[in-house]
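Residue numbers (the working numbering), protein chains in the order written: chain A, 1 to 292; chain B, 1001 to 1334; chain C, 2001 to 2248.
In short, the hints are calculated from the structure, not lab data. Computed from a prediction, not measured in an experiment: that's the story for all the values here. For glycine and all other residues, C-beta sits at the position ideal for the given N, C-alpha and C. Don't take each hint at face value.
What the hints assert, rightly or not - Not everything, but these chain A residues come out facing chain B in the computed CB check (under 10 Å):
| no. | residue |
| --- | --- |
| 1 | Leu2 |
| 2 | Ala109 |
| 3 | Ala183 |
| 4 | Leu284 |
To be verified - Residues from chain B that keep clear of chain A, each with C-beta distances beyond 12 Å, as calculated:
| no. | residue |
| --- | --- |
| 5 | Tyr1183 |
| 6 | Tyr1184 |
| 7 | Gly1308 |
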Amino acid sequence: MLLFVLQLLNGLQLSMLIFLLAVGLTLIFGLMNILNLAHGAFFTLGAYCGLVVASTTGSFWAALLVGPVLPFAVGALLQYCVLQPLAERGRSTHLDLALLTFGLLFATAGAVELLYGSAFYSIAMPASLSGHVSLFGLSYPAYRLFIIVAGLAVAAALLLIVDRTLIGATLRAGVDNREMVTALGININLLFAIVFGVGAALAGLAGVIAAPIMSVYSQMGIGIVVTTFVVVVVGGLGNLRGSFYASLIVGMTDTMAQAYLPEVELFAVYALLIVVMIVRPQGLFGAAGRVA
Amino acid sequence: MRSEVVCVKDPIPGQLETRPALKVRPFVIATGVAATILALALPFFGATFAITLATEIMISGLFASGINLLVGTTGLVSLGQAMFLGLGGYGIGIGSSLLEAPLWLSIPCSLVAVAIVAAAIGAICTRTRGVEFLLITLAFSQMFYGAAIKLRLTNGSDGMSGIPRPDLSALGLSCDDPAIFYYYVLAVTAITLLVLWRIVESPFGSVLASIRENERRTAAMGYAVGHYKIGAFVLAAMLCAVAGILQSQYTYFINPDSMSWQLSGEGVLMVIVGGANAALGPMIGAAIFILVKQGLSMVTTEYLMFFGIFFMLVVAFFRGGVFGAVRSLIGARP
Amino acid sequence: MSALEIRNLRKAFGGLEVIANLSLTIPFGQRHAVIGPNGAGKTTLFNLVTGWLSPSSGDIRIDGVPVGCGRPDRVARNGLSRSFQKNMLLENLTVLENLRIACQALHRSRRSLFRARTAFGEIIAKAGSVAERMNLSDCLHRSVKELSYGQKRQLEVAIALCAEPRILLMDEPAAGTSPQERGRLVSLINALPRDLTIVLVEHDMDVVFAICDVITVLSYGKLLVTGTREQVQNHPAVIEAYLGRHHA
Chain A
1 MLLFVLQLLN GLQLSMLIFL LAVGLTLIFG LMNILNLAHG AFFTLGAYCG
51 LVVASTTGSF WAALLVGPVL PFAVGALLQY CVLQPLAERG RSTHLDLALL
101 TFGLLFATAG AVELLYGSAF YSIAMPASLS GHVSLFGLSY PAYRLFIIVA
151 GLAVAAALLL IVDRTLIGAT LRAGVDNREM VTALGININL LFAIVFGVGA
201 ALAGLAGVIA APIMSVYSQM GIGIVVTTFV VVVVGGLGNL RGSFYASLIV
251 GMTDTMAQAY LPEVELFAVY ALLIVVMIVR PQGLFGAAGR VA
Chain B
1001 MRSEVVCVKD PIPGQLETRP ALKVRPFVIA TGVAATILAL ALPFFGATFA
1051 ITLATEIMIS GLFASGINLL VGTTGLVSLG QAMFLGLGGY GIGIGSSLLE
1101 APLWLSIPCS LVAVAIVAAA IGAICTRTRG VEFLLITLAF SQMFYGAAIK
1151 LRLTNGSDGM SGIPRPDLSA LGLSCDDPAI FYYYVLAVTA ITLLVLWRIV
1201 ESPFGSVLAS IRENERRTAA MGYAVGHYKI GAFVLAAMLC AVAGILQSQY
1251 TYFINPDSMS WQLSGEGVLM VIVGGANAAL GPMIGAAIFI LVKQGLSMVT
1301 TEYLMFFGIF FMLVVAFFRG GVFGAVRSLI GARP
Chain C
2001 MSALEIRNLR KAFGGLEVIA NLSLTIPFGQ RHAVIGPNGA GKTTLFNLVT
2051 GWLSPSSGDI RIDGVPVGCG RPDRVARNGL SRSFQKNMLL ENLTVLENLR
2101 IACQALHRSR RSLFRARTAF GEIIAKAGSV AERMNLSDCL HRSVKELSYG
2151 QKRQLEVAIA LCAEPRILLM DEPAAGTSPQ ERGRLVSLIN ALPRDLTIVL
2201 VEHDMDVVFA ICDVITVLSY GKLLVTGTRE QVQNHPAVIE AYLGRHHA
């Protein structure tokens, strides 16, 4: 029984990590109709930035704060200088932009390998979170609990911003009708660039957070991003709440499978995807009849 | 104000052809003949390096042709076609290397197996469109990649070796000779492309084009669009599998890397670069791509990064991106 | 059996009721117009009738056969064809190829993988005759992209005719056309065989009066009145829907 609770918590932790990645991807897609296949690159970028900061300052918290900054900048610039102008010229469909990010995925993997080689690195856990916490009669690693809390906090904050604030409303309006929002004097390009940046920053944050418990290496983005895609599709592309629930489902599925049925671990997640695609192609929480 | 387009009467009144009479210029004929002679005679004057390069180009061209059937002709952009390349290769790997069945048995069985798997996967994937289709084909591809690494049957990430080439000892020839293998690949490629050409020119092929142009209208005309999409998916998969079989015979070897994203991406790039003609475009794209890759590898070890950059540039600037380029180039022929 | 029988049709998107308790029967051979202010639910009605949308409740039958959702191709095979408000053409193909593919849809060769598509002369001949009926014979080998807007609208209707439908639905066929093009379109439609049932959604009342005998007026998803021109023109509810209460 205790083992089950442990797995439950582990599943929750994985879910939150996946959520941080998935929410950026689905946010970008839902609001701007861009599928960022290079999303894993921001994850990698964040981790490596965190690595650099942690090794120079010796502080995990500094890494956490500074790590997402470069992904934010890169993401915002990519959107503002490359993707937006291409989309505006009308020549590139959403599919083209997705393929563009596909090329970016390889470019960044190659660039990272060029700079850092294929070695494995790690970031040290902060002293304050290295211990264990007594939870439900278990001794659970404090750091993993931190991940869960961080994930939930981000989820709550995002929901608040998108649903309740003016910025969120403006974003939703801007996706619906660009011209109208621009006519109202709002610089929609800047807004989209910021949103893209935030999505990328969240992935970068996930990279820093994951670093102490996962290895930092050049291909790390490619591995986890497929699971992210499954989450995003299962949750419904563009659906924030959906990605949260789907992250929970996928994270739990993966962890439980790993714990109780190790042979089918990978397939459990894909089987989930297949079943969802057969039953509800638009995702469990997606809007019916959406055409890409 | 758009002025009325004045239609000139058809120069051959009373004769309804689907396309105007082919005005085959002498230049085109000459180029075609020259290319055929070159292809047939290459082993006699070319260095071994050139022969193997040509072999690689043909194999990649077949792979790209399969992708083009799906992406260019039908308009379904998939980033997971490498899974069928790999399935073809693993098919004969398991059949001929593991089970030691003769090639004339394991190759057809492999293709049939791929067709069945593709039908199942296609039935699921074609329920989606656009970016969702892109993602789910990617996910399936990763699933097979993961399976290839994990399963003992496929010997994990070490891959399977000892893939046999055709046994032509009855003719006194050995396929281990690059020139003989080249002719084998040439023959398979020619036959496959001929079959592909017939399919594209058939009523079935015209429906695929119609789906690409306007899927909704095609359904409104009375076509069961879903069935056609699955059909295209299966045919494309089989083409990729043929390429996979040849590939594994070429290297005597197959491993999970044959199913990677990167390979799928390379294939799509070849299709974009090669353009128009369903039978020849991908081959041209493959030739360009491989020659560029050869050139790059002589200059730098950072292939991955340059590939990525090149891919982005092609998508960004190739006259309207993928769909624009593909459509406008395919639209060039009625 | 009526050509089209709609009973208690209701369609709601979430809280928004787009079609409310609509009942309508259209006999074979009738030329029927469906008009109404924007947002009245006309295109939604067409989408429901052709199987693109599923009703929230209610029943739609074509010649007694119920319309299922999600199978618009079956609807076409049952003898009902539709032309769209926005041109839905195969832009990069020629006019002839557009029509040929449309004519091929109900032909046994449509699944053929290895025979050349040009080998089926009867399909090409049929495409040619449809083109002739819609005055497109001179443009057969032109790419659709090169056509004028009026010619595209003609092709739009022509494609729907290729399936030899018994019932033809036309969604604003004259939308965006010049007076000249409109006149041509109307005479082409009127030249169609009299036994063809036509249901027309239109805003242009001249087109409606030139083609149709019976008119149905929709407003906010509800059927206001069905009747002849005179009956509809003077109906107080119709006047109110279009011009407001003061004028009724």
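Tested hints:
1. Leu2: At 30 Å from the nearest chain B Cβ, Leu2 of chain A fails the 10 Å test, so the hint is violated.
2. Ala109: Since chain B brings a Cβ to about 6 Å from Ala109 of chain A, closer than 10 Å, the hint holds.
3. Ala183: With a minimum Cβ separation of about 27 Å from chain B (threshold 10 Å), the hint on Ala183 of chain A is violated.
4. Leu284: Violated, about 13 Å.
5. Tyr1183: About 35 Å separates Tyr1183 of chain B from the closest Cβ of chain A, which puts it past 12 Å; holds.
6. Tyr1184: holds (33 Å)
7. Gly1308: violated (3 Å)
Hints 1, 3, 4 and 7 from the list above are not met by this structure, while the remaining hints are.
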